[in-house]
Each structure stands twice: as C-alpha cells, then as structure tokens.
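Peer 1: The residues making up each chain are set out below.
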Amino acid sequence: MSGLRQGWGKPLAAIAAFAAAYLAVGLIVQNQYYQLMLTLVLVWAIMGLSWNVFSGYSGLISFGHASFFGLGAYTVTLLLVKLDITPWIGIPIGMVVGMIAGVVIGYPTFRLRGHYFALAMLAYPLALLYIFEWLGYQEVSLPMKREAPAAFMQFADHRAYVAIALALLVAAMLVSLKVERSRFGLSLNALKQNEAAAEAAGIDTLAWKLKAIMISGAMAAAAGGFYAVVLLIVTPVTVFGMLTSAQALIVTLFGGVATVWGPVIGSLILIPLAEILHAELGHRIPGIQGVVFGLAIVLVILLAPEGVLPRIRDRFARRIAPGAAPVPVDVPVAASAAERRVPTGEVVLRVLNLSRAFGGLRAVQDVSFEVRKGEVLGIIGPNGAGKTTLFNLLNGFIRPDAGEVTFEGERLLGLKPNRICRRGIGRTFQIMRPFPRMTVLDNVLVGAFVAEADDDRAVAAARQALSRAGLAARADSAASSLTTVELREMELARALASRPKLLLLDETLAGLGSQEIDRLLATINALASEGLTIVIIEHTMQAMVRLADRFVVLDHGAVLARGKPDEVTRDPKVIEAYLGRKWMAHAPH
Amino acid sequence: MLRIEGLNVAYGGLKALVDVSISVGEGKFVAIVGPNGAGKTTLFKAISGVVPPLAGRITFDGKDLLALPAARRAHLGIAHVPEGRQMFKTLTVLENLEMGAVPQRGQAEWARNLEQIFTLFPVLSERRNQPAGTLSGGEQQMLAIGRGLASSPRLLMLDEPSMGLAPVLADQIFNRIEEIHRQAGVTVLLVEQRVAEALGSCDYGYVLESGRLVLEGRHETLLADERVKRAYLGM
Amino acid sequence: MNDFAVVLENVLQVLTAGLLVGSIYALMCVGLGLIFGVMRVINFAQGEFLMLGMYATLYAFTGLNLGVMLGSYIGPIVGALIAGVVLYFAGLLMHRYLLMRVTGIRVVGSEGEGHYPQLILTLGVSLVVANAGLIFFGSMPQTVRTPLSTTAWEIGPFIGDHVSIFLNKARSVAFLVSVAIAVALYRFIGRTRIGKTLRAAADNPEAATYMGIDVDRAHSIAFALGCAITAVAGGLVATYYPFQPYVGLDFVIIMYAGVVLGGMGSIVGAFWGGLTIGLVQQLSTLVLPVQLQNAAIFVVFLLIVLIRPEGLFGRNVERT
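Going down the list, the protein sequences come from chains A, B and C.
Residue numbering for the first sequence follows the working numbering, starting at 1 and increasing by one per position.
Residue numbering for the second sequence follows the working numbering, starting at 590 and increasing by one per position.
Residue numbering for the third sequence follows the working numbering, starting at 825 and increasing by one per position.
Don't take every hint at face value.
To be verified - Cross-link-like lysine-lysine pairs, in silico, PhoX-like; alpha carbons within 25 Å at most:
id	chain 1	residue 1	chain 2	residue 2
1	B	LYS617	B	LYS818
2	A	LYS564	B	LYS617
3	A	LYS501	A	LYS416
4	A	LYS501	A	LYS373
5	B	LYS604	A	LYS192
6	A	LYS501	A	LYS564
7	A	LYS178	A	LYS211
8	A	LYS573	B	LYS617
No wet-lab data here; the hints were simulated from the structure.
Whenever a hint applies, use it, and build me the whole structure from the sequences.
Peer 2: Right, here's the structure in full:
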C-alpha cells in the first residue's frame, strides 16, 4: 500500500492515546527528578524525529544535528539574557534560526556524497562549538524571572514542562506523519533508494532535501531551545557536542528509522536507561551514559539494523506476502513499424556536434541527429559505442564538452535532469533503476508527480501509466518481486507517468527472451501509434528492425551510419562494426 | 573438470539464473553466448564465488566449489578474467601480473609465465612500469588476460574479452585466446556477445537467454541452427 | 631592523613548530588514510585509538620504567612502539568481531547507503571506548613526563644575533620518529608482497578476489596497521600534550581534515595533508586567538570538502 492512500484515522488515534497516557503519567508523578526525566525523554524524541525527517527518509545520514539543537538553545538563551525576550517567543525565533541554518548548511553540503557528506556534517557543530566558546559563552545561565515566571516559561510545578514538551512532540509527530504520507516522503524515499532515477523521473532532489533539512532544523532547534529552558544552563559542549548529534541518531536507529514511532520508542527506552544508570552509578562510573548509547547503537547495527520497532512489529504481525504469482498478460499483436503512423516531419529534438570525453576515452564524438515528431528512432551500436553516454547527455546527467541540444526549439544544456523531465523528456535505464523497497504503484507514482500537482490525481495518473505499460495487475506488488520484463515495463510506466512528449528507452529489450521481446515491442509500438516520439537504444539490430522508422548507428562514440533500416543493415561499415572481420570472411554474402 | 548443476541465482529479488547446468571437459574450449543481461556474467561470478547461488551445485575436479570461500577458488587453478577488465589501476602492469600470480602455482612458475605473457602481448613488456589505469582499452584487455595466465590456470574463464574493442583489436584478442588454448592446453570457458567468433572458436557452446539455457551443442551444430542464425547472426 | 627581526623570528618559529607538529599529525593521518584507502571505511573511532595509544604509552613508560632504563630520548619512543603493537591487536579484534560483519567485499564497491552501517558502528565504538576510558583512566589530564617536553634546542642565533629558533626536544624526537615510520610504511606498501596485495584489494576488491587474494584478510591487516600507526602517533603526542579520555575528539577532525586534504584514499596524500594541517594550525596562531585554532581547522576542512573534495594532493585516477 502506498502511504499516500492510507487513512489518517488510526495514526491520529494512536498519537492521541499515547499523548493522553503520557500526560496522565506526567501529572501523577510527583518526584521532580522523574518529571525531569519524563521531559528529557520527550526532548530527545523530538530530536530523534527531527533527525528522522531528514536522514531517516532521505538516507543522507547527518552526524551534525547538534548544530540545529545548539543554535536553538543559544538563540533562546541569548534572547532572554540579552534582550529579555521570553522563550515563548524565543523558541519560535530559534526554529526560524534552525530553518535558516538548515539552508545554509544544506545548500553547499548536498553537493557532497557518501563519506564527504558525513564528514562535512560532523564538522559543522564542532566548528560552532569552538566559535561559541571563543565568543565567551562557555556557560550561560538563564536568569530566573520571579516576577512573572509563567510568562518566561518558568514553572515551579515541573509537570508543566512535561505538558509543553508533550505538545511539542505531538506537533513533531504530526509534521512527520504529514511528510511520510505525502509526495514529500515518497520523493525522499525515492531519492534515498536511487537518486539518479528520482531525478530522471522529475523529482527535484535538491529542493526536497532542502525542505527536509529546513523542517528538521526547525524541529531540532525547538528541542534545543526547550532543553535550555528546562535545564536553565547552556554550555557549548552539552548542546553542540558529539554526543548530542549521536543521541539524535541513536534513539532513531534504535527505535526504527523512517518511522514516526521509532524515535519515540528509542527515546522511551534509552533515555531513562542512561539517566537511571547515570544517577545510580554516575559517581563511581562516570561516562556510563556514553557507554549505554554506544553499546545500544553497536548492538542495533549488528543485531537488528532496521531498529527495534520494525522487529517487534514483524514478530506480532507476520505479514502475509502479497501473492506474487505472475498475472498473465494479453499480448497484443505487434503492429509493425511501417503500418502504423506517419511522422509529421517536425523536428522535436535536435542534437548538434555533441562531444564528451572521460579522461582519454572519447565516449561521444561530434554526434549530430534529429528526432521528428511521432517517429521511432533507433540508436544502435556495439557495447561501449557511447549510446548510454549519449542518453546521459540528453537527460542532463552529464554535461557535454561541446555541442548543442535543443528540444522544441529550446536549449537543454545545463538543465538538471528533473528540469529536462519536466520539459517532457522521459527515460528508462539500461541497468534498471527501480526503487526496490516500494510497491510498483509507488515507483510509478514518483514519476507521476511531475504531471499532477494533486496527490490523488497523481495516483490516478500512475495507474493509467501502469495500464498503458501493461502492468496494471501488479500495481500493489513489491518492486523487488518483479521479473526482468516486468521491471522494464515498470520503468516504462514510470517514464510514461510524467506524460512525456519524448521517450528515451535505454536497451529496454536487453536480456529478454524472444517472447518477452514480442510483448514489449507490442507495448512500445502501441505507444508510438498514440503519437509518442521515441528514441530507443539497442545493441542488437534484430528486434529493432520491427520497431524503428530510422536508425542512427554509433561506433566508438561517433555516428557510423544513419538511415532507413534496410539501408543501414546493408552498409558494409555497419556489418564490420557489428560482426567483425572474421565473420565477414566466412559470411555468405 | 567443471560441472554446474541446477544453478539458481537471484540478485536483489531478481532471478538472474534459473536451473543452469553446464559442464566443461578438461582441455576443452567452451563458449556461452547470449544477449546482454542474459546472466552470463552472473554465472561467472557464481563460479568465482562473489555471488552466492540460491540452489545448485558447482564442482571443480570433483571438489565442491560452493564450500570454498571465494578467494580460495583461484588457488585451485581457476582464473577469472572479468568483464570490463577490472584493472588494479594504481598498480603498475608488472604489479598487476604479480597479483595474478598470487596462487601458489603462479608463484612457482612466475618467470616462465611472465615470459610467455610478454611473448603473447609484447606491448605489456614495454609498459611494464606504467600504472594500469593509463593503458588503452585494448592494452588493458591484454593485461587482464595476462593477469589470468600468470596464475598458471587450468581453467581460464574469459568474460566478454572483446567488449568495447575495435573489431581489429577484438580479432587480435580472439587469435591470442585460441593460441593460448592450443599451445598451453588450457581449458577455456568463454562468455561472448560476438556470437560468430565465439561459436567459431569453441568446441561446444551454450546459448543463455533470460537466465535460462535455451540451446547447447557442438559449434557446427549451433552455427547451423536456424534460431541462432536468426537471433544472433543476422541471417 | 629590530621589528623585522621579531616578525621574522615569529614566522620562522611558527613554521618550524608547524612542521614538527604537522609531521605527527601526518603520521596519524596516514593511519586513518590507510584504513580508508584499503577498506573505504571512515573510522569514527580513530581518535579513540589515538587516545588508547596515549594511555598505552603512558602505562608502558611508567610501568616498565622505560624513562630510567632507556633514557628520555629512547624511552618514550619504545613506549609508543609498544602501544602500537598493543593497538595492532586491538584493531585486529575490532575488525574481526565488529567491522567484518558490516564491511567487506559486499559493501566496498558501493558509495552511499551501504557504508552507513559501518560508519554508525564505528561511531558507537567511539562512544563506548571514550567513555569506558573515562571509567578506567579517570578524567585527570596526564602526560608522559620527560624533561624533553620543557626543553628545546636553539638554532641560531643568526642575522646578527637577532633571530633564533627553538626546537622543542619532545616534538623534535616525535618528528624524527614520525617521518621514519611513515617512510617505512611507504616502502612496506610499495615494495612488499603484502603491501601490493593491500593496494590491489583497495583498487579493486572484486578482481582481487578473482586473483585469490583474501580481501577480508587484507582489510584486517590494513585496519590493524592503521590503528597501530595512529596509536604510535598518539604515544608521541603524549610526550608533549596533556591528555584525557576525550582527547580523541580534539584530534579526530585534524585527521579527517588531513586525509580529505590529501585526497581520500591516498596514503601519501594523507601524510602531506596532515603536515599541511599542522602548518595551518600553527600559522593561524599569528592571526587568530588560540581558542579559534581548532575552529580554523574546521573551516579549512569544510572549505576543502566543499570546494575541492578530491583533495589538494589527490590525483584523479581515471574512472571506469
């Protein structure tokens, strides 16, 4: 089931029930120390949710969420100390600061991948730590406001803090839920599983990541600001320190990443454990908290990498796998290329002198061709001829060293893949790039977001694309359960869902048996008869003869020949490139 | 010598090989052909142990290969020349060959093998102190084959040795492979998409499509087969 | 003339200090760089191995009475080497029982998601070790006390008695040892058979497996060796720098910065990167307040990562 189509009733009831129960406990408990602990559990749960909204859904692991937490804490503290502004206003201002910090940190850092991203995120809070020390804020206390304590969020009855923290947590959970159940969450999930495919399907990955880190930054700053109010003292090490970032990550991973309840459960288990051990043994065994968190995360990674919550959930409800039996598909009779359509002659895509080299290898050299509206153009060539590189140039994955590409009269070069997709160019991949841990429908839905601004209509568009690709019956199966040909159809549907004017198909027939090829050819031919313009790459010519109106033959990155199928197949240069001299020697001409 | 029975492999939930059975006799030249993505490379990876099979048996000289960790298999005399060359790019040509000679037989016969490799591919001798990453595609392919030979293999597995090479170079590589097979009596298992050459050189061939074997036979039988002609030879 | 001499003396003094400190940073960077270069694993716990190296050196030095037996010059060096051996085995154990379960040939080829489990695992180890250190070693700052840390050799005076440079003896000894170990490692990696298999496993683990190279074993050696080298560097730092169990965090960013600066994956680059960080740190004292020294390193580090992630010394090895 797609998250987009789930009801809100159950999760809202669960959150309400949890909040009521927690509040009841919070009101009953008299001991101030336990009240503090109840409050801290909630603070770290918010911190976990903040981390989860960004890292959990997007897969970009942040080791630096202390930046936002610390900025929130210091904003609230300094506003109160210097300007006498109450935390009631300070916390919202802190959230704005956290949001801005999200953009300032995210924008440059999102260009980085993998290790570099992790290391850079680690450096931000530590740099802030030293800067705040240097600024002279080693230890800042929040002044007591005895004349109007409630106006400054200072309460003699500490149960008030539990209530406020609970309100903040519920808000954070609702935001998380909203993210999870909208195209926001699905887009993040898509880019987590395959960023290139998400871009090619029209997802503006940078924009989504920025939005996610802004929301995340605001949530963490709220947690930090409130933390300062509760503890009444702020030091750079406690708010910007490594342990702060680590705790956010650890409660989430422990409870269950990319779930709304995971961070809450992780926090409910780990924070009291660490606090109690610290209180009981802290004087004899200093640092026991760090040991607890460290061990918790080591054990989770080794024993239950998906977290505690999914483990428990699996145990309780052994999910019944949806019947994965392949559904027979009616194979329409393949219309041959000749009998179906007349290209209008209007040029939609013009490629002029395109070149790209990798190191010494000239992958694409001086390639020019045109694609006319309504035609099927086949680009063929042996492995390593530069076909996929050509597609990567066309859809914006890589930039050319020289040359020009225009689509419907407008230049495409320099546009990001998602922009090019929005202009109306969809593509599939030779090495298939499904989002394996999503349903088939969700995979296609990611493509449909470009065409439909409304989530419900996007679902309808995705279903329609699936049936055009001949895969409607498998909509609710997991993408990882599909066969090769079904995966090809799913990628086709994902590209179709964006309502492209031009479709780039990269070796869609690769690795298929002859019956499967017939099935796909029929589908593609049907699309062509509807008037869709198609460019298809293949490395074998046989199937293509039944599909393409025209061929462009590539060899070693350059155009070797072009023309109608029968002309090209008789070209001696083409025969040599394909079959080798040896074959020519004993081939019957 | 090499016997594969009922091999099934899945990649991330995707069936890559279904019930594949193949046998390669000592001293033979066996080719496996088929379209891109048919599972040929996966088959090789399963033999070498970097991809675990779901079911099936692989034996080499009667020994159960699946019981051995991947790195031990080379020591039995299996040399895998992988698709796409897979150079040790920062190592020099000579160091690449040394790495090929890690198995004991390779170490014992190092000097002789090196001479043989340099005779087969003189260009490698000229570039012996150059990092492998700076070689051209064809030279890298030669080095990949040479690296395979450096272990004094009994079974040489070649995955798409012609990939990305100009036809002239590919022909050259094929000639060398035939030479190695004839002169040294090395058993060869070849995966190729240049169906004509591959079937032309081998004793016995298999056709793999969508992870299943659809056809097998002696090379003259396969070359004469209507389906092969139509699907692969463009006739 | 006099003003000029003062400035010149300051600059020269800072440069030599940067060179001495930088060489030790370079050695710890080489340890981290070796691990990353071969395994593509960022070890968050590298700072903790440095810290353990310091304590191991301290206990070897005091426990075996090395200062008396071998003197102030040789004693700490032997202590640091003993620490290296101890931490080599600690590294082997950590790889065998923890890292190997989430790394290895399956993960090494992929950039991205597959790496996070090991990153998070080493983060957990780092938390456990640092805090366990607090439990076992206490929070009192310690040093490996020899007379060398407070004495210096004077070079000069020159330019008419105006300028002279002081070389702290402890740092100078550490400098010599660092360079010697780095050179030895360089030759080991470059010339020996094991060194070559490590490089082969780093370059292309899949192909290495086809050659019969046990990639897990190569990783094990690289990880343990990387831990040992950083521990030796820690032992050398311990002779002039007071330390406590959280000291790892002070140095871990220096190591990351050096390794990134040198181009991740390059061991030679890591050496030059570390050296550069030492120079930057010392030079920053000319213009920045002392508290911002570390912040300066972070800023340099962030700038490098953002502007030139392949590193200043990184050569772009051709990609497939």
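Peer 1: Does each hint hold? Answer for all of them.
Peer 2: Here is how each hint holds up against the structure:
no.	hint	result
1	B/LYS617 <-> B/LYS818	holds, 24 Å
2	A/LYS564 <-> B/LYS617	violated, 43 Å
3	A/LYS501 <-> A/LYS416	holds, 18 Å
4	A/LYS501 <-> A/LYS373	holds, 9 Å
5	B/LYS604 <-> A/LYS192	holds, 24 Å
6	A/LYS501 <-> A/LYS564	holds, 23 Å
7	A/LYS178 <-> A/LYS211	holds, 13 Å
8	A/LYS573 <-> B/LYS617	violated, 34 Å
Consistency note: the structure conflicts with the earlier hints numbered 2, 8.
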